[in-house]
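K.L.:
The lines below spell out each chain.
2 protein chains.
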Amino acid sequence: MKIYFAGSITGGRDDKDLYAQIIKILGNFGIVLTEHIGNVNLTSQGEAAMGRTPEYIFSRDVAWVSEADALVGELTVTSLGVGYELGFAESLGKPILCLYRKAEGRHLSSMITGNIKLKIEYYQNIEELPAIFEKFFSGVKQIHE
Amino acid sequence: MKIYFAGSITGGRDDKDLYAQIIKILGNFGIVLTEHIGNVNLTSQGEAAMGRTPEYIFSRDVAWVSEADALVGELTVTSLGVGYELGFAESLGKPILCLYRKAEGRHLSSMITGNIKLKIEYYQNIEELPAIFEKFFSGVKQIHE
Chain A
114 MKIYFAGSIT GGRDDKDLYA QIIKILGNFG IVLTEHIGNV NLTSQGEAAM GRTPEYIFSR
174 DVAWVSEADA LVGELTVTSL GVGYELGFAE SLGKPILCLY RKAEGRHLSS MITGNIKLKI
234 EYYQNIEELP AIFEKFFSGV KQIHE
Chain B
114 MKIYFAGSIT GGRDDKDLYA QIIKILGNFG IVLTEHIGNV NLTSQGEAAM GRTPEYIFSR
174 DVAWVSEADA LVGELTVTSL GVGYELGFAE SLGKPILCLY RKAEGRHLSS MITGNIKLKI
234 EYYQNIEELP AIFEKFFSGV KQIHE
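If you're matching them up, the sequences are chains A and B in order. Counting along the first sequence from 1, when you hit position 77 you're at 190 in the working numbering, and nothing is skipped either side. Counting along the second sequence from 1, when you hit position 48 you're at 161 in the working numbering, and nothing is skipped either side.
Read the hints as simulated data drawn from the structure, not as lab findings. It is possible that some hints are incorrect.
Copies of the same chain look alike in the list, so a pair counts if it fits in one copy or across any two.
Cross-link-like lysine-lysine pairs, in silico, DSSO-like; alpha carbons within 30 Å at most [to be verified]:
| id | residue 1 | residue 2 |
| --- | --- | --- |
| 1 | LYS215 | LYS129 |
| 2 | LYS230 | LYS115 |
| 3 | LYS207 | LYS232 |
| 4 | LYS207 | LYS230 |
| 5 | LYS129 | LYS207 |
| 6 | LYS215 | LYS115 |
| 7 | LYS230 | LYS248 |
With these hints in hand, go ahead and build the complete structure from the sequences.
P.N.:
Structure (structure tokens):
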């Protein structure tokens, strides 16, 4: 199982520690292609600060989405890139799991909540995620078997 | 010419007055399907506050993107929904113009800047937009003629 994990970079790195924990848990279900999303040294300047060109990053990420069996996105920190990846992955027919932490004054886009092709799971604590992933990936396995 | 204008709603309404001005200028080039994006009474709670379901909003917006000859997005306020719309519109082969106002400490995603299929125009003042639109839509017309 190859997993594309999507989280915010230039949209803001408030959840970077959480991303690292999620990627660790996802590692129990398959290979996470995008481990760098959880890199606590990666800032909102993105990989450009590491000397990588946008064209390189885009081509690599598009190839990774294409290669992945499923996409898991953490959507709480608003991100343009994550939104793009969801639209692109959906156009390829990839199974998609969206994670979101509800809070007062924060609203998830209707382009996500109104889309029946996206599986949305609301959670508050990371302890809830293994059961959520178990359920989601058992469905993904069925698609590919 | 039918134009889908994409701007932030749940991502934040800081640019709502600007969206209204952009939509007015776009009206010189065709019919803007998404005039509500510039509605100054529309808050970050989105159209849900008007009693519309996410499923209705999603289905309508997907139909409008499909119907549009081109998509124009203002990307400065980070938005998950706009990102999704870009990915979806690209999968349909729509011509896409991305508008962005550069500023210190703000970074545009590599999923946008590294994507050669997106036309990105950086600007600072609304006075620059008519010339940008003139150039972009003359290319769109050529595609459809």
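K.L.:
Hint by hint, say whether it matches the structure.
P.N.:
Structure-based check of all given hints:
1. Taking CA atoms no more than 30 Å apart as the test, LYS215 paired with LYS129 passes in both settings, with 18 Å inside one copy and 24 Å between copies.
2. Taking the closest pair of Cα atoms, LYS230 and LYS115 come within 30 Å of each other both inside a single copy (20 Å) and across two copies (27 Å).
3. With identical chains, the CA atoms of LYS207 and LYS232 are at most 30 Å apart both within one copy (11 Å) and between copies (26 Å).
4. In this homomeric assembly, LYS207 and LYS230 come within 30 Å of each other (Cα to Cα) both inside a single copy, at 10 Å, and across copies, at 21 Å.
5. Proximity of LYS129 to LYS207 under the C-alpha cut-off of 30 Å is restricted to the intra-copy arrangement: shortest distance 25 Å within a copy versus 34 Å between copies.
6. Taking the shortest alpha-carbon separations for LYS215 and LYS115, only the intra-copy value of 28 Å comes in at or below 30 Å, while the best inter-copy value is 36 Å.
7. Proximity of LYS230 and LYS248 under a CA criterion of 30 Å is satisfied intra-copy only: 16 Å inside one chain copy versus 36 Å between copies.
Hint violations for this structure: none, all hints satisfied.
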